[in-house]
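Undergrad: Spelled out from the first residue to the last, the chains are:
Number of protein chains: 2
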Amino acid sequence: MGPGPSDVSPRVLQALSRPIIGHLDPEFIRMMDEIKGLLQYAFQTENELTLPVSAPGSAGMETMFVNLLQPGDKVIVCQNGVFGGRMKENVERCGAEAIMVENTWGRPVDTDEVKRSLESNSDIKALAFVHAETSTGARSDAKALCELATEHGCLSIVDSVTGLGGIEVDVDGWGIDAIYSGSQKCLSCVPGLSPVSFSDRAAEVIHNRSHKVQSWFLDLNLVMAYWGTATKRTYHHTAPVNALYALHESLLMLQEEGLEQSWQRHEHNHNALVAGIEAMGLSFIVDQEYRLPQLNSVTIPENVNEATVRKQLLADYNLEIGAGLGSLAGKVWRIGLMGFSSNQKNVLLCLSALDDVLSRMGAAINSGKAVAAAQRYYSKA
Amino acid sequence: MGPGPSDVSPRVLQALSRPIIGHLDPEFIRMMDEIKGLLQYAFQTENELTLPVSAPGSAGMETMFVNLLQPGDKVIVCQNGVFGGRMKENVERCGAEAIMVENTWGRPVDTDEVKRSLESNSDIKALAFVHAETSTGARSDAKALCELATEHGCLSIVDSVTGLGGIEVDVDGWGIDAIYSGSQKCLSCVPGLSPVSFSDRAAEVIHNRSHKVQSWFLDLNLVMAYWGTATKRTYHHTAPVNALYALHESLLMLQEEGLEQSWQRHEHNHNALVAGIEAMGLSFIVDQEYRLPQLNSVTIPENVNEATVRKQLLADYNLEIGAGLGSLAGKVWRIGLMGFSSNQKNVLLCLSALDDVLSRMGAAINSGKAVAAAQRYYSKA
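The listed protein sequences correspond, in order, to chains D and S. Each residue of the first sequence is one higher than the last, beginning at 154 in the working numbering. Each residue of the second sequence is one higher than the last, beginning at 154 in the working numbering.
Because the hints were derived from the structure by calculation, they are not lab data. Misleading hints may appear alongside valid ones.
[Unchecked claim] Partner residues are not named here, just some residues of chain D that face chain S (Cβ under 7 Å, in silico):
#, residue
1, Thr391
2, Pro393
3, Ala396
4, Gln408
5, Gly411
6, Asn471
7, Glu473
[Claimed, not checked] Straight-line distance between alpha carbons at most 20 Å, and here's what the computed DMTMM-like set of lysine to aspartate or glutamate pairs gives:
#, chain 1, residue 1, chain 2, residue 2
8, D, Lys365, S, Glu321
9, S, Lys365, D, Glu459
10, S, Lys365, D, Glu242
11, S, Lys385, D, Glu459
[Said to hold, decoys possible] One-sided and incomplete, this derived list gives chain S residues near chain D with beta-carbon spacing under 10 Å:
#, residue
12, Ile174
13, Leu177
14, Ile182
15, Gly335
16, Ala356
17, Val366
18, Ala383
19, His401
20, Leu405
21, Tyr443
22, Thr452
23, Pro454
Since the structure is predicted, the reported quantities are computational estimates derived from the model, not experimental observations. Just so you know, even glycine gets a beta-carbon here, dropped at the ideal spot from N, CA and C.
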């Protein structure tokens with residue numbers, strides 16, 4: 154129940170461990186086509202250029218910038234947590250310029266600020282922002298931000314590593330040009346893959362570059378010889394065959410449950426956690442309307458060493474919750490309710506374990522109330 | 154039995170599918186330390202900077218160049234197959250200059266040519282070459298080439314994707330400065346990881362760069378906050394936890410068998426394959442002394458459509474062998490005997506299946522002799 158990787162279901166683990174076949178085997182190519190279709194479903198898009206990058210989400214982020222940017226390009230980068238800062242690093246390493254719009258951590262990206270930045274800067278190639286900030290648990294208004302990008306004639310680049318599968322992500326409906334996610338958050342596949350999708354407009358930009366993409370491994374013009382629609386697929390790199398078995402299975406599970414139903418489940422278990430955490434006398438750092446149900450940043454009681462609590466939870470309950478990152482280090486715990494991990498059993502375990510550990514440290518505020526509050530929520534809902 | 158991924162043993166598949174734990178869990182950090190030690194054993198090195206990159210071998214290659222090169226650097230790149238060409242692409246995408254030493258495909262890198270190139274060019278930053286060319290099956294003299302690099306004061310960058318675990322690789326003994334391999338060849342782990350190792354001299358170069366590494370994801374100065382020796386490991390990217398379980402297990406298996414014993418097993422099964430293939434009237438494109446035992450490039454009988462044969466082998470025998478790549482496309486089959494796939498059963502299956510398919514096409518030269526020849530080799534050896 155940390156900020157990811159989330160628990161992987163036995164069904165996905167079983168798919169993961171199927172005997173390997175060649176990455177050019179016709180059966181494998183057929184599965185790749187299915188993965189593409191399933192990702193299009195998850196992203197709600199008809200984008201042709203939709204595929205899993207063969208590396209973790211950080212490489213998915215890099216795939217965006219190295220393919221879309223050229224030296225000298227200007228990008229507005231919104232930062233309201235750790236990952237906006239990482240975007241800045243990526244932009245600059247492409248020889249492009251990052252114009253920052255910074256927000257308090259734990260708040261969503263300020264669309265008015267972004268609007269002002271778009272109006273006061275010219276020749277902006279792209280607007281980049283984090284839809285679901287894993288470091289804080291804040292959700293930004295991706296739809297409004299993408300509309301702003303379109304109005305100002307620039308591309309939108311969206312991080313939804315923690316969003317996909319857990320909250321609404323509507324790539325075509327919102328007009329997202331480029332998006333990346335991770336396999337190990339609300340998809341509950343193993344870590345190591347990064348689903349990405351590009352609009353036709355973005356694909357055109359990649360196709361018509363004047364400079365080669367600085368990364369050979371992430372160059373989508375080359376990757377598409379393998380992941381594209383050609384009958385004969387050409388070797389680019391050796392695909393992570395077993396991880397793709399697992400992704401296929403986890404996407405099938407998402408389709409079986411239904412996208413909307415998955416979002417509802419995340420919301421539902423989040424509400425129960427909220428009831429319990431608040432009954433304990435703790436609070437959330439993100440305002441209710443911007444809270445990600447899958448990533449809960451919770452305040453730490455005064456005079457409590459947060460790391461000691463996490464160690465105790467791991468030792469006594471085999472339960473992992475996350476520490477704060479960046480400017481929130483030492484100030485919050487991050488409790489994940491992602492994908493397969495978002496269930497009633499986990500919510501009740503987490504609340505009772507946290508209550509017990511804090512009580513034994515003499516730091517509980519309202520001991521014994523948390524689990525009952527969550528149970529009340531579940532019985533009413 | 155293609156050019157990789159090789160078969161993965163049930164034991165490694167079982168490790169792969171263990172329940173996931175957090176990438177900062179103390180138990181996981183302990184396993185990371187063990188992986189590092191096991192990789193040091195496999196590479197025969199004491200290099201501190203030894204770790205698996207969280208992406209396939211192509212990303213391992215890119216890790217070398219983006220970390221060691223800066224714009225304007227000059228690198229001698231040897232090409233005697235597909236992968237030397239990929240190195241050139243990587244060097245150029247770093248804004249560096251690749252000075253090519255080209256050889257006939259199927260031959261080893263010509264050390265005399267390399268010597269001449271080193272003598273006639275000044276300010277060479279590195280010499281890059283492929284130790285074990287997966288596209289041809291030729292082994293180059295890594296020891297001699299690294300000595301030349303040292304003599305001329307430049308770094309050696311070595312591709313041993315297909316070498317590690319199958320033939321001798323002596324990083325410290327040969328003075329290799331930077332080397333990358335793959336998980337899915339002679340280690341018989343799942344694809345998606347690339348073990349790398351850097352000498353202290355190379356690590357120093359990375360540490361003292363004036364320009365940032367152009368890839369954030371592959372920047373070893375950042376990756377080391379997670380893979381380094383610090384007691385407190387810092388999050389860089391989410392490690393591919395399950396794939397690392399598998400790598401740990403496959404490296405344990407290599408250690409249990411013993412490095413030298415593994416090389417001998419590869420040699421032994423290769424000899425049996427040679428006996429069979431030659432008894433069939435086919436031949437190897439690589440001269441005996443330079444042949445990789447794990448990757449066998451075999452000529453195709455005249456008037457035979459090589460793709461039809463491969464399709465038939467897959468359909469009738471569930472057996473994959475590889476096609477030729479690049480300038481060898483249509484001219485050879487590539488038969489892999491890598492890691493867990495290098496065994497007597499596979500050698501006999503491959504020979505009998507190939508004999509049968511060719512016979513049915515009326516294209517067999519000495520039908521019925523191949524299996525017997527291999528069996529004779531095994532009974533004598």
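Undergrad: Which of the stated hints cannot be reconciled with the structure, identified by number in ascending sequence?
TA: 4, 5, 6, 8, 9, 14, 16, 18, 19, 20, 21, 22, 23
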